[in-house]
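Chemist: Sequence:
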Amino acid sequence: MTIDLRSDTVTRPTAEMRAAMASAEVGDDVYGEDPLANLLQRRAAEIFEKEASLFVPSGTMGNQIAVRLHTSPGQEVITEQEGHIFNYELAAMAAVSGVLARPVTAPRGILTWDLIRPRIAPNIYYRAPTGLITLENTHNMAGGTVYTAGEIDDICRHAHEAGLPVHMDGARIFNAAVALGAGVADLVRSCDSVMFCLSKGLAAPVGSMLLGPADFIEKARRVRKMLGGGMRQVGVLAAAGLIALEKMPARLAEDHVNAKLLAELLSEISVLDVRPQDVLTNIVVAGIARTGMNSTAMTARLRSRGLLSGTVDDARLRLLTHLDVNHDHMMEAARIFRETLGG
27 MTIDLRSDTV TRPTAEMRAA MASAEVGDDV YGEDPLANLL QRRAAEIFEK
77 EASLFVPSGT MGNQIAVRLH TSPGQEVITE QEGHIFNYEL AAMAAVSGVL
127 ARPVTAPRGI LTWDLIRPRI APNIYYRAPT GLITLENTHN MAGGTVYTAG
177 EIDDICRHAH EAGLPVHMDG ARIFNAAVAL GAGVADLVRS CDSVMFCLSK
227 GLAAPVGSML LGPADFIEKA RRVRKMLGGG MRQVGVLAAA GLIALEKMPA
277 RLAEDHVNAK LLAELLSEIS VLDVRPQDVL TNIVVAGIAR TGMNSTAMTA
327 RLRSRGLLSG TVDDARLRLL THLDVNHDHM MEAARIFRET LGG
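Under our numbering, the first residue of the sequence shown carries the number 27, and numbering increases by one thereafter.
These are calculated hints, taken from the structure and not from any lab test. A virtual CB, placed ideally from N, CA and C, is assigned to each residue, including glycine. Some hints could be false.
[Said to hold, decoys possible] Label pairs and their computed distance ranges (CB to CB):
{"#": "1", "residue 1": "S330", "residue 2": "A208", "range": "37 to 45 angstroms"}
{"#": "2", "residue 1": "A117", "residue 2": "G209", "range": "46 to 54 angstroms"}
{"#": "3", "residue 1": "D140", "residue 2": "G254", "range": "25 to 33 angstroms"}
{"#": "4", "residue 1": "D180", "residue 2": "A117", "range": "25 to 33 angstroms"}
{"#": "5", "residue 1": "T138", "residue 2": "E365", "range": "40 to 48 angstroms"}
{"#": "6", "residue 1": "G207", "residue 2": "G368", "range": "36 to 44 angstroms"}
Can you make the complete structure from the sequences, with help from the hints?
Modeler: Below, the structure written as structure tokens:
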């Protein structure tokens, strides 16, 4: 048995999803004629209480379409130092939109207006102007930390007063909503655009959604096509996406319980640095500096015993719970860690 905790992207579609995909009614989505894609887009907009939404192949594409539409070449984008949009999207904002990231370090990945305000470029002709602020909820590399609705609203209010739009990278926004006991619409109400993933904790095989005003989404459709994201009989994927959207958020609390359990078990291993109190969603970060191994060596040893883990950097591992792992897998994962580290 292999336990895969590298990411919640490794989830496999459920039997219900596979059946829906096999029987999906389809049409040509480039012509706007795929009924399930259209339904998915309507339902996402309704749930998030935004005017419109667009199905895109990946979260990266959704984020980068938003950057393209909110900015002009030669501007800067304020983003958190460890954020996905800055570190894991291949400098796409520069390549696609001609803009520069202005990273800001924030405690546990959570930006505040007091951290953002000093990094907004002054209105001087020889400085690249600030064009956009991006937030990430939950924050992946900070260990699944969450922004509250109040924190997001405060940033958006000040940003809008300064004439700046705010884009939410909400790849795991449903995890944030479950952790806070809030609705996703309440968390993103003040944001100008939102992206969320269907293919992480919601377990769809492919796809993300970009949401915003109707005119923004109409422009987004053009940029999606430009980037190669115009898909044809995409209802085969939208069928799984609809099940992910409508049914899978209800089970995310189970992932959070499993992550907390894993963190508690790992915190009992003396050479690991794990803070269970910091685990709010489905991501556990384990410091391994005191083991005498770097993350490459550690992940190789864990893999040889049947446990797959991700990394943050040389001194930290990242482990994610998801649909395909359960309580017993957490117990076994902790046992493998103890065995790997000599008891």
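Chemist: Check the following: the C-beta atoms of G207 and G368 are separated by a distance inside 36 to 44 angstroms.
Modeler: 41 angstroms, holds
Chemist: Given a hinted range of 25 to 33 angstroms, is it respected by the beta-carbon distance of D140 and G254?
Modeler: 40 angstroms, violated
Chemist: Is it true that T138 and E365 lie within 40 to 48 angstroms of each other by Cβ?
Modeler: 42 angstroms, holds
Chemist: That 46 to 54 angstroms hint for A117 and G209 (C-beta), does it hold up?
Modeler: 34 angstroms, violated
Chemist: Range first: 37 to 45 angstroms. Now tell me if the beta carbons of S330 and A208 are that far apart.
Modeler: Check passed, 42 angstroms falls within 37 to 45 angstroms.
Chemist: Regarding D180 and A117, is the given constraint of 25 to 33 angstroms on their beta-carbon distance met?
Modeler: Once the Cβ atoms are compared, 30 angstroms apart, the range 25 to 33 angstroms for A117 and D180 holds.
Taken one by one, the earlier hints fail for this structure at numbers 2, 3, listed in ascending order.
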